[in-house]
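Sequences listed follow chains A and B, in order.
For the first sequence, position 355 matches number 1216 in the numbering used here, and the numbering has no gaps at all.
For the second sequence, position 226 matches number 289 in the numbering used here, and the numbering has no gaps at all.
In short, the hints are calculated from the structure, not lab data.
All of these numbers come straight from a predicted model, not from anything done at the bench.
A portion of the hints provided could be inaccurate.
For lysine to aspartate or glutamate, the following EDC-like pairs were computed, each having C-alpha atoms within a straight-line distance of at most 16 Å [unchecked claim]:
1) A:K1214 x B:D182
2) A:K1212 x B:D277
3) A:K1216 x B:D320
4) A:K1091 x A:E1052
What follows is each chain in one-letter form.
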Amino acid sequence: MSDHDPSRQGSRRDPGSDAWRRAEYPPQSPPHREPTPAAGTFQPRVGSRYAIRRVGALVVVLAVAGAAFWYFGIRDDSETAIEPAPELLELHGWAPYWALEHSTPELRLRADYFSEVSPFWYQATGVETIEADPNSPDRATAAFLRTARLEGVRIVPSIIDKLPAGEMANILSNDDQRRRHVDAIVAFVEEGEFDGVDIDYEQFAFADGKGTWDTTRPSWVAFIDELSGKLHGNDKTLTVSIPPVYDDGQTDDSGYWVYDYAAITPMVDRIRVLAYDYSTDEPGPVAPLRWVERAVQGTAEASGDPSKLVLGLPLYGYNWPIGVEGTCPENDPSIGRTTVNIRTLDALIEKRKAKPVYNENTGEYSFTYRVKLRGGGQSCKQTREVHYVDGTGAQLRLEIAREADFRGVSLWAFGFENGSVWNRIIPSLAKSTD
Amino acid sequence: MQVHLVDGTYELFRQAYGRAARRPDAKQFAASIGVLRSTLALFSDGATHVGVASDHVIESFRNDLWPGYKTSAGMPPELLAQIPMVEEALDAMGVTTWAMVEHEADDALAAAAAIADADRRVERAVIVTADKDLGQCVRGTRVVQYDRRNRLFLDEEAIRAKFGIGPSSIPDYLGLVGDSADGFPGLPGWGAKSASAMLARWEHLESIPDSVRDWDVAGLRSPATLAVALRDNWSEALLFRRIATVETDVDVGSVDDWRWTGPTPEFARWAERLELPQLADEAATVASMLAGR
């Protein structure tokens, strides 16, 4: 499927109503299989013998380990004692309007696992204006909210910064405008009878330029301080979704320090760390493992409280043009970089007879294929390269968060996943009903 | 090569209510024997690669989605007891068997059909079931459904003739009209004719315009009522479609795994347990016949 045409933050940008309507349905079968089968479904007769062998081997290993434990007199209170297993994680999910046909019914099945869901179709378009994206379908968005309420899932809608570069920073730097903006958000939450709000203002990081960060940073902290005070006064929660830092400094290598993790952590309920979109200008991995580790460690260090941190899990990829012969048709959105997600990938792989290759270093798959494009009397042959994170990759990143004592993970996006993602992450998730 | 993918649960029930099982002198395990014999018949007719999917547990993840979804309640216990029995007997007969727990037999069949469809060596994949849900897996004349009882092959053209819509719209269709056999009701006022007419025009639910003024479908009865029902029950429509959509993310191995090479030595014991020892000889005969081809 050819998805929307994203820019730098393409994976989180709305695709426009056409793309939503273009969504292929139903999802095709996966022609490639993951390294290990999904848990608990098919009971292979032959496979069970292997399972017995594995259990036998485990028993032997445990027996030997137990004997060594006894022989060498290792005590429970020694430094080498087994560490307690990391806590189970809470689950968040951004639910973009263009994937509601999947996320709405799925919410019924997965409601117990969600700590909070964030409808992803609200945007700040002025000091006091917060409105639904005009492309979001009323019928589908209303149904999602109704389902979440029926299932008792906390609704914490995301508000994105839809203003031109620099304008939100200007609003926040003006005491009066900032106060009015805070009041508008609080009123939005009250009127919508939401449980809280997720502030997802990424223009500071990706549009305003680093030169503005010194002045934006204190305004942002003041904004969060005032907003959290008013929301908490109304028994509402405040979540923020922001890109990562790699340390607690303010250097070129420190990441997106404009968001001042240290200052805002005590004020907010949760910080969702957007640890993806690593490759945006050239073909490459979405969220390579070492970079994710660096982001996780950096944000944990800078925030000082990983129990408020939630790692964003990418369930998508990018499809890049890397070579072309001829002249491609103008105005064809599929000639540039497009996005794919786990649900749509299988159809693409099958259609192009592609053979995804797993990279152990990045924890991601990639493949290339060639395609002919025609239109308007022009034609070209493109070579395209796809990089993506699959269910196994989501699990790997989740475990990084878990090991770092993060509070949870958040799906970008709820509705992009397939059954294999659930099979892989569910064992590490806490049920919200527990 | 042709691939045959059999709905074992449907086949067991078909055999249980068939003529042989209803005879006064019918054996206790007549239904299971019927499944084994009908599978052998496939091999006698030239099938080489066969997989049988069954509902090891009738309840599946779909029961968590909709409280009224079908359960094992009310099903004859003596028949339910034969499900694991026939799975093991088929396994001993050397037939690839997918005993589903979290998912359903339909999901395994869909996953296997997709794998077969993607394999260039496969000329045709035949899904042996009369269940209309599986119509969504039909692709041209390459992946087809076979209704054994009526001896009817359904390719994509036949699906269109039967439902008025293509295979890709079958889940949407069931989302609107429901499926009483599976236990979900569909939307008020929506019936086969209206769903078929609308999806023939718009293919999927999302494409149906919000405003009834844009419903340019001739002969639709009470379109305004239908539009209100769709608007007010949109999440249910999506939910029922989700329930009706087969999951292909099920591990069923590859086409090569499904090749039948004859019964295992264990099968003779199963034939005795089923009080039909000659069944082992029948299986061995079919296997040698197949090997000689």
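Could you tell me which of the hints above the structure violates, numbers in ascending order?
-> 2, 3
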